[in-house]
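For chain A, the structure is supplied; the task is to place chain B with the ligands on it using the hints.
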Amino acid sequence: MEDVIFQPLKFRNLTVKNRLFRSSISGRWDNYNGSGSQARINWETKFARGGIGAIITSFVPVHIRGRIMPNYAMIDHDDKIPFWRAVGNAVHEYDCRFIMQLSHSGRQRDVPGAENLMNRALSSTDTMDSFHGLLCQAMTLQEIKQTIDHFAQGARRAREAGLDGVELHASHGYLFTQFLSSAINDRKDEYGGPLENRARFLLDVIHAIRREVGRDFHLQVKINAVDNNNALYPWEKKGNTLEESIQICKWVEQAGADALHVSIGSMFPHPQLPSGGFPLDEANWWYGNMLSAGVRGYFNYTLFHYKLLRPLFYAFWNRTKKERPLEGVCAEEAREVKKAVSIPVINTGGYQSGALIRKVISEGWCDGVTIARPLIANNDLPHILQRGEEPDRPCSFCNRCLVNALGNPLGCYDVRRYNGDRDAMIREVMTVYDPAPFR
Amino acid sequence: MHETQTVQKDRVLVDAVRTSPVDEDLLRFRRTAVIIVVAVLVVLLALFLWRFRVDSPVTYKSDEDHFKYGSIGAEPGGSVFSPVGGVLPPYDIFRVLPDICPDKLPGGYASLGLIVEPGHDMPIGVSKRKRLGFEQVALNCAGCHTGTYRASPHDQPKIVLGMPAHSLDLQRFFDFVTSCTLDPRFTPDNVIGKIQAAGGDLGFIDRWLYRSQVIPTTRESVLRLRARVGPLLDGSVTQWGLGRVDTFNPYKAIQFNWRLQDLPRSELIGASDYPALWNQKPRDGMQLHWDGNNTSLAERNLSAALGAGVTPVTVDHARLNRVRDWIKDLRPPRYPFAIDEALAAKGETAYREHCVRCHADHRFGVDGHLEKGWLVGEVDPIERIGTDRYRLDSYTLAFASNQYTLYPHSEHQFRNFRKTNGYANQPLDGIWARAPYLHNGSVPTLRDLLEPPEARPKLFYRGYDVYDPEKVGFRSDVAEEKGRRYFAFDTSVPGNGNGGHLYGTRLPAEDKQAIVEYMKKF
Ligand SMILES: Cc1cc2nc3c(=O)[nH]c(=O)nc-3n(C[C@H](O)[C@H](O)[C@H](O)COP(=O)(O)O)c2cc1C
Ligand code: SF4
Numbered sequence: 001m002e003d004v005i006f007q008p009l010k011f012r013n014l015t016v017k018n019r020l021f022r023s024s025i026s027g028r029w030d031n032y033n034g035s036g037s038q039a040r041i042n043w044e045t046k047f048a049r050g051g052i053g054a055i056i057t058s059f060v061p062v063h064i065r066g067r068i069m070p071n072y073a074m075i076d077h078d079d080k081i082p083f084w085r086a087v088g089n090a091v092h093e094y095d096c097r098f099i100m101q102l103s104h105s106g107r108q109r110d111v112p113g114a115e116n117l118m119n120r121a122l123s124s125t126d127t128m129d130s131f132h133g134l135l136c137q138a139m140t141l142q143e144i145k146q147t148i149d150h151f152a153q154g155a156r157r158a159r160e161a162g163l164d165g166v167e168l169h170a171s172h173g174y175l176f177t178q179f180l181s182s183a184i185n186d187r188k189d190e191y192g193g194p195l196e197n198r199a200r201f202l203l204d205v206i207h208a209i210r211r212e213v214g215r216d217f218h219l220q221v222k223i224n225a226v227d228n229n230n231a232l233y234p235w236e237k238k239g240n241t242l243e244e245s246i247q248i249c250k251w252v253e254q255a256g257a258d259a260l261h262v263s264i265g266s267m268f269p270h271p272q273l274p275s276g277g278f279p280l281d282e283a284n285w286w287y288g289n290m291l292s293a294g295v296r297g298y299f300n301y302t303l304f305h306y307k308l309l310r311p312l313f314y315a316f317w318n319r320t321k322k323e324r325p326l327e328g329v330c331a332e333e334a335r336e337v338k339k340a341v342s343i344p345v346i347n348t349g350g351y352q353s354g355a356l357i358r359k360v361i362s363e364g365w366c367d368g369v370t371i372a373r374p375l376i377a378n379n380d381l382p383h384i385l386q387r388g389e390e391p392d393r394p395c396s397f398c399n400r401c402l403v404n405a406l407g408n409p410l411g412c413y414d415v416r417r418y419n420g421d422r423d424a425m426i427r428e429v430m431t432v433y434d435p436a437p438f439r
Numbered sequence: 001m002h003e004t005q006t007v008q009k010d011r012v013l014v015d016a017v018r019t020s021p022v023d024e025d026l027l028r029f030r031r032t033a034v035i036i037v038v039a040v041l042v043v044l045l046a047l048f049l050w051r052f053r054v055d056s057p058v059t060y061k062s063d064e065d066h067f068k069y070g071s072i073g074a075e076p077g078g079s080v081f082s083p084v085g086g087v088l089p090p091y092d093i094f095r096v097l098p099d100i101c102p103d104k105l106p107g108g109y110a111s112l113g114l115i116v117e118p119g120h121d122m123p124i125g126v127s128k129r130k131r132l133g134f135e136q137v138a139l140n141c142a143g144c145h146t147g148t149y150r151a152s153p154h155d156q157p158k159i160v161l162g163m164p165a166h167s168l169d170l171q172r173f174f175d176f177v178t179s180c181t182l183d184p185r186f187t188p189d190n191v192i193g194k195i196q197a198a199g200g201d202l203g204f205i206d207r208w209l210y211r212s213q214v215i216p217t218t219r220e221s222v223l224r225l226r227a228r229v230g231p232l233l234d235g236s237v238t239q240w241g242l243g244r245v246d247t248f249n250p251y252k253a254i255q256f257n258w259r260l261q262d263l264p265r266s267e268l269i270g271a272s273d274y275p276a277l278w279n280q281k282p283r284d285g286m287q288l289h290w291d292g293n294n295t296s297l298a299e300r301n302l303s304a305a306l307g308a309g310v311t312p313v314t315v316d317h318a319r320l321n322r323v324r325d326w327i328k329d330l331r332p333p334r335y336p337f338a339i340d341e342a343l344a345a346k347g348e349t350a351y352r353e354h355c356v357r358c359h360a361d362h363r364f365g366v367d368g369h370l371e372k373g374w375l376v377g378e379v380d381p382i383e384r385i386g387t388d389r390y391r392l393d394s395y396t397l398a399f400a401s402n403q404y405t406l407y408p409h410s411e412h413q414f415r416n417f418r419k420t421n422g423y424a425n426q427p428l429d430g431i432w433a434r435a436p437y438l439h440n441g442s443v444p445t446l447r448d449l450l451e452p453p454e455a456r457p458k459l460f461y462r463g464y465d466v467y468d469p470e471k472v473g474f475r476s477d478v479a480e481e482k483g484r485r486y487f488a489f490d491t492s493v494p495g496n497g498n499g500g501h502l503y504g505t506r507l508p509a510e511d512k513q514a515i516v517e518y519m520k521k522f
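Protein chains in written order, with the working numbering: chain A, 1 to 439; chain B, 1 to 522.
Some hints could be false.
Here's a subset of chain A near chain B, in silico, CB distances under 8 Å, partners left out [what the hints assert, rightly or not]:
(1) Arg-120
(2) Ser-292
(3) Val-295
Bear in mind the hints are in silico, worked out from the structure with no lab data behind them. Using N, Cα and C, we set each Cβ at its ideal position, and we do this for glycine too.
Bound conformation, chain A alone (with noise of 0.2 Å):
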């Protein structure tokens, strides 16, 4: 019998080989105005090689004000597109699709970078975030239609540039989950409020989208399919429930997209997602990179840092754990989307075996699943799995990758899965720098 999860996956305008993508993962590789390098066509090429069928890029700002991060590459401007050509040819080579993920971080800015230093972050809302308290101010409606734009240019050039298509960063509390959630979207006006006028930013990019880069592109959404808003602090709004992001899903199939990729959590990270420990080790090492982000930094630095204070921390971090698996911590949620929409559904949230990946795929729950630190682990788990054998050093779900992304390239540094010596970690980590740019 032929594995469910090896069989093609057909979207509208796409084919992919199998049924498992790569998630979006960033990582501070790029250079510091977010023009690409080499390091990210390693980085890149690593999955491909490793049998996946696509691979979501990293979150790709569509502006420099949207972006997470320094060193993230973006696609903010036409003189990024041989870059993204030349990654995406990379890609190509190993029969592996390239689907490049749109985002504008809105408030959610955790490193803001020198160039984003004096400006508040652009959201639907004035009201910043609550955990790291970073500030913002909502958009006018100028700006929101600049915003659009800057969505439907980034669609342009991820085409120009030969990519397979574009995925919208409508979960974990980026700016479309700033429109979209009802706990952080506070406008009065069209783009606030019920559901359809909260729906309307990101349907208005889809719509945008569609015109700038016509019917034939593939483009989809990630998307949350519960908010979970007061995961951490429960005085904290609850968010969108599954209804009302259900409906959602419909709209957006409604307004043109090829394909829904089901995720949870209004911020990122969340207590419920990405799964697993949140190390407060690493914490205390790289979240001083967040100091000068937001007004609360301070205080979280403080509770990381104090090993009496942690408790504290864990008590809320851990309080909804318990309510979702480790392995398909949505998938639950994925099944209920797929019954409502006929475009395909993917869902990411902590697959690795692929027994489980067998189940959700062939009982219909979704049609594919996309994976990111079980890959930052294996980069060759597809191969693995295809040989029905499941990894000798699985990915612990311990969120070292996570943590470590504040500052440093990005990697597995579960440092018990390299028999405990770090040095040969921090060898393997840095094999994204090989091959170097110059030879």
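Relative to the frame of chain A, chain B with the ligands by itself:
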């Protein structure tokens, strides 16, 4: 000039550009935080001040109660960090001291002659006042000026306010309080345990303060106190015994920090009887104190308060004045037994002839009238009276000049103290209740006083309060009753001499008896 201006302008520009929105917000947050922190600090400070600066004496409605239990300001004052004045530990500790050192004071405070009234947790003469964050106790006037008498050993003692505390063993009282405080059993655990066991409810903060502050400070101040007054408590000078106090020597040590060890031994012998406090108004202007060293009632009162432990810092003038006003008109107690009026009438005649010139008659305080030329309230030179001179010598010129330094630049500054050369003639109002007699209490009864010195008792017991209407005075042949030992008064000891005051000693026995009968009417 031009250059500096540019530099300054540049600096302003640089500063203006250097605040990011996050910085601005944090600055606002910090400002709010600072305001909150300051507000919290202010509240804490207010609580601190309220707790440690509050000065609230217990106030009594009636003058009698105020006299018995009211504060005159002898409780420690100053600040928590450097308390001044006050020779007793805080209330909770004072109360349980007898439980901490039961062997040092079997029978509790009452066994020292302190009078405990039913319904009161502190004896008469011990005042309560909240100071430095704690309930403090101290002595007031009543401690030394309240006495009792009984008609027979089976009677309940009758309390007489203003009467000399002829049963009080003040020396042992101080010895007990200080030596128990320095006893190895005076540990925080033990003290706090005893307080809790006695029903004292020390909260968490109190317990902490007791442990860290109060108990160590109490010990330290007692160590200092003991070092200063050592020679007065170590038995090396004539014992005060019951009903006597050395007014000025502790005063030298405590108020002026004199090294008593450096004074001539003889100067440290100054024990004398407590005087009575009634009829103070007609005494104003007389030469007061046994040796007549002051003619101002106000100064005499303030000085006596210093003896009870007030300091210029802690003294409560208003409350002291309330006592002053009350004792001005306080009447002496009437003689409580039968008087042979015929004999008394006979005695009056003899008294007029031999005694009235120096001592006024039974009308003193009623009309207050004293005829010209009379010697009442005047100092009689020591050579003429011939009584024991130690008390006179304990008050020195150097001491007087030190007294002038107290209360500088205030209306309370002493101006009237002077060194005299004898003892002042006293009016004899309420004389029956003022036994034993002479300034040093060396003669037990009036009748004995009218005998020549050789015939006066050489060894008798002081402090017993059963009355002897025959000889007018307290019975002085009882050494012990119900475990309480009375003070064996030996007239051969320096300071205890019973010589002198030969007036009336050569009269016939009937006249003497008649004069004594007459004096019952005083
Ligand atoms: C280091 C790191 C970076 C990530 N960056 C992105 C991102 O740029 N965009 C995005 O949509 N999700 C991002 N995610 C979330 C992942 O795409 C994924 O949805 C999530 O980690 C759950 O999948 P996993 O359990 O397979 O890791 C990131 C996750 C990690 C650990
Ligand atoms: S650090 Fe490694 S093991 Fe830990 S979550 Fe990331 S990839 Fe997995």
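Hint check results:
Hint on A/Arg-120 holds. Least Cβ distance to chain B is approximately 5 Å, under the 8 Å limit. Look at A/Ser-292: its Cβ gets to within about 6 Å of chain B, closer than 8 Å, so that hint holds up. Taking 8 Å as the C-beta cut-off, the interface hint given for A/Val-295 holds, the closest approach to chain B being about 5 Å.
Comparing the model with each earlier hint shows no violations; every hint is respected.
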